[in-house]
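Take a look at the letters that make up each chain.
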Amino acid sequence: MKLGITVWNNRISPLFDVAQTLKIVQIENNKITNSKDLSITPQHPLKRADVLAKAGIDVLICGAISAPFTQMLSSRNIKVIPFIAGEFEQVLHAYLHNTLDRAGFNMPGFRRQQRRRFRGGRRNGY
Amino acid sequence: MNSGTKMEKSFNQDVTRVILESISDGVFTVDHQWRITSFNRAAEKITGIPRQEAIGKQCCEVFRSNMCETDCALRRTMREGKPFIDSSTYIVNADQERIPVIVSTALLKDKKGKVIGGVETFRDMTLVEALRRELDARHQIGDLISHNRKMQELFAILPQIAESESTILIEGETGTGKEVLARTIHNASPRRDRAFVAVNCAALPDTLLESELFGYKKGAFTGAMRDKPGRFAAAEGGTLLLDEIGGISAAFQVRLLRVLQESTYTPLGSNTAKNADIRVIAASNQNLEKLVDKGVFRQDLFYRINVMKLCLPPLRERREDIPILAEQFIHHLNHTRNKQIKGISQEALNLLLTYDYPGNIRELENIIEHAFVLCKKNEIDIASLPDNIVPSSGQSPPTSIKHSLQSVEAQTILKALKRNRYNRLKTAQDLGIHKSTLFRKIKKLGIPLPQQDGRFNHTS
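Which chain is which? The protein sequence lines are A and B, in order.
Per the numbering used here, the first sequence starts with residue 57, numbered consecutively.
Per the numbering used here, the second sequence starts with residue 6, numbered consecutively.
None of these hints come from the bench; they were simulated from the model.
Computed from a predicted model, the values in this text were never measured in an experiment.
Worth double-checking, as some hints may not be accurate.
To be verified - 25 angstroms max Cα-Cα, derived PhoX-like pairs, lysine-lysine:
{"id": "1", "chain 1": "A", "residue 1": "135", "chain 2": "A", "residue 2": "79"}
{"id": "2", "chain 1": "B", "residue 1": "119", "chain 2": "B", "residue 2": "87"}
{"id": "3", "chain 1": "A", "residue 1": "79", "chain 2": "B", "residue 2": "233"}
{"id": "4", "chain 1": "A", "residue 1": "135", "chain 2": "B", "residue 2": "314"}
{"id": "5", "chain 1": "B", "residue 1": "420", "chain 2": "A", "residue 2": "110"}
{"id": "6", "chain 1": "B", "residue 1": "420", "chain 2": "B", "residue 2": "431"}
{"id": "7", "chain 1": "B", "residue 1": "233", "chain 2": "B", "residue 2": "222"}
{"id": "8", "chain 1": "A", "residue 1": "103", "chain 2": "A", "residue 2": "87"}
{"id": "9", "chain 1": "B", "residue 1": "62", "chain 2": "A", "residue 2": "103"}
{"id": "10", "chain 1": "B", "residue 1": "314", "chain 2": "B", "residue 2": "347"}
{"id": "11", "chain 1": "A", "residue 1": "110", "chain 2": "A", "residue 2": "87"}
{"id": "12", "chain 1": "B", "residue 1": "420", "chain 2": "B", "residue 2": "448"}
{"id": "13", "chain 1": "A", "residue 1": "103", "chain 2": "B", "residue 2": "155"}
{"id": "14", "chain 1": "B", "residue 1": "446", "chain 2": "B", "residue 2": "431"}
{"id": "15", "chain 1": "B", "residue 1": "420", "chain 2": "B", "residue 2": "440"}
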C-alpha cells in the first residue's frame, strides 16, 4: 500500500491544493518498506490527481484541501484523509498505530465527524 | 507607573479591543514562532475557526492560504521589515470552500519599538467575487450554449479539461452535441492550432475503419495505387474524435487499445510503426459501462478511454435551453438563407417546450429549419411546425406555464403507462411516485385508460 503525505518544513503542508512535496511511503504489513519524496508542481485538480494516481498512491494524508481536488482524487480511487496537522513523523507514526483520529492531529476548526464525508480514511472509522 | 498612567493604558487597550472586535476585517497577530497570539471576531467568522482553537497554533494551519507555503506576505513583512497592502489570495475553510481574501500585513512592535511579531488583516471578498462572476456569467463556451445547471457545471470545468492532455469519454444520446463539445474542447486546448478530426467508428466495417484511421501504403491491397495517410496522420498534433466508439467490433477494439496504450500505429502494408501525438476524445450514444457488463465492449479499452467522463443531458432534461437554442438556429438560418425571421410565436414556443425530442438538439434544429422553410410571416407560428409535434386532436396548445407543466406531466405518465402495459403499480414505481399519487394525477389530468386492468396483461 502506498501512502502519500504532503509535507512542508517537516510538517503536513497546510494546503494540499498548492503543496509542493509529496512523501511517498510504501507500507507492507504495517511496516515501512520504502520512502521517497516526489516534487508535485501541477496546480489544477485534474493534473494533480493524475500525478498522484501515476505515483500509485492509495491513501493521501494532507492538510486543508478544496472540494475540486477531493473530487478528482476520489475519482482516481485515492482515499483522502484531510485536515491533518502536525509533524510528519508523528503523523506517520499515528497512522501506522491507528491513532490519527485522536485530537491533536486535526487542523483547527475541523471536526472529526466532518471527515466522514470524505471517501478517505482507514477501515476502522474514518 | 502612577495610577493615572495605568488607567490610561488600560483604557487604550480596551478601546483597541473594542475596535478590533467591531470591524468586519479579520485580524490576527503572530509571534516570532508564527504562533497565533490574537484572533478577532471577524477572523473567527471568515475562517470558521473559534478563537480558542486558533490561539497558539501555527498561523499557516489556521489561515491555510495558497500563499502560506511559497509567498507568505507576513513572512515577507517580517523579513523585509515593511508592510504589504492588499495582496490577493484565497483560504480554504473546513467546508472545503475557497474563500477569496485580500491580505495586508505589518510588523507588530512594543512601546520601545522592538518587533514582537506580525499582524495580518484580511477581508472576505466572496461577495465581490460572486458579483464579478455574475457579471462575467458565461452561458456560452464556443458553440455550446446553455442555462441548464448541469451544463453550467460542465462549462465551469471545461477550460481545465481542455488544458489537460487526458483522454475524454463523452456520453450522451444521439443529437445532444457530442461532436460540438469535442470541438469546443479542442478549440480551448493547447492543440487548437492543429487539426480536429472526427471519425464515426460505427459507420465503417473493420477493414475500412483500419485503413481510414491508420492509412495504407501503396500496394497494401488491390486498388491501393498510392500511399494514403489516415485520420491519425491528419490529426497529428491535434485532436481525434472517435464517435460511436461503442459500435466497433471486438477485434478492432484490441487494435485500438494497443494504439492508445503505445501511442503508435502502423499503416496497412507498412512494417514501421508511426508515433501518434494525438489527443483522443471518444464519444458514445450508448452507456459503455453497460456494454462492458454485457461483454460487448472490452473492459481494458473502457478504462483506457474513461479517464475523464463527460455526460451530455438529453434536451428533454434541459428544456430551459429550447428558446435560446431555437433563437440561435434562427439567427444562423437568417444569415445563411438571407431571411429576416424575428423569432417564434408564443404558441409555437409552448409546443416546442412540451415536445420530447427523441433526436435531441439535432431534431430541434431540423424542426426550426422545417419551420423556416414554410414560414410565411416574420415569425415562426404553429402552422409552420412539423405535424409530428402539433397535437393531432386539434386542441389548442397550452399557453400558460401551468398548462405546459400539466401537458408534460400527462405525456410522461401516459408514456410510462404504455411502457408498463398499463400496470398502475409498476408505472408508479417506474415514475418514482406512490400509486395513490399516480391515480390522483390520472384522474386530474384526464388520462384515458384501457378497460382492461394492466395486472392481467403479463401473458401478452
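Going through the hints against the structure:
Straight-line distance between C-alpha atoms of residue 135/A and residue 79/A comes to about 16 angstroms, which keeps the hinted pair within the 25 angstroms bound. Annotation: proposed proximity of residue 119/B to residue 87/B holds, straight-line Cα distance about 14 angstroms (limit 25 angstroms). For a cut-off of 25 angstroms, the pair hint linking residue 79/A to residue 233/B is broken: about 50 angstroms separates their Cα positions. Simply put, residue 135/A and residue 314/B have alpha-carbon atoms about 20 angstroms apart, close enough for the 25 angstroms limit, and the pair holds.
Simply put, residue 420/B and residue 110/A have alpha-carbon atoms about 47 angstroms apart, too far for the 25 angstroms limit, and the pair is violated. With a C-alpha separation of about 13 angstroms, the suggested pair residue 420/B and residue 431/B falls inside the 25 angstroms cut-off, and the hint holds. Straight-line distance between C-alpha atoms of residue 233/B and residue 222/B comes to about 6 angstroms, which keeps the hinted pair within the 25 angstroms bound. Between residue 103/A and residue 87/A the CA atoms are separated by roughly 30 angstroms; this puts the pair beyond 25 angstroms, and the hint is violated.
Restraint check: the Cα-Cα separation between residue 62/B and residue 103/A comes to about 32 angstroms, which exceeds 25 angstroms; the hinted pair is violated. Under the criterion of a C-alpha separation no larger than 25 angstroms, the hint pairing residue 314/B with residue 347/B is inconsistent with the structure, at around 38 angstroms. Restraint check for residue 110/A and residue 87/A: satisfied, since their Cα atoms lie roughly 23 angstroms apart, inside the 25 angstroms limit. With a C-alpha separation of about 16 angstroms, the suggested pairing of residue 420/B with residue 448/B holds against the 25 angstroms cut-off.
In summary, the hint linking residue 103/A to residue 155/B is supported, as the alpha carbons are separated by about 23 angstroms, within the 25 angstroms threshold. The hinted pair formed by residue 446/B and residue 431/B meets the criterion: a straight-line CA distance of about 15 angstroms does not exceed 25 angstroms. Distance check on the hinted pair: residue 420/B and residue 440/B sit about 16 angstroms apart at the alpha-carbon level, within 25 angstroms; holds.
Hint compliance for this structure: hints 3, 5, 8, 9 and 10 are broken, all remaining hints hold.
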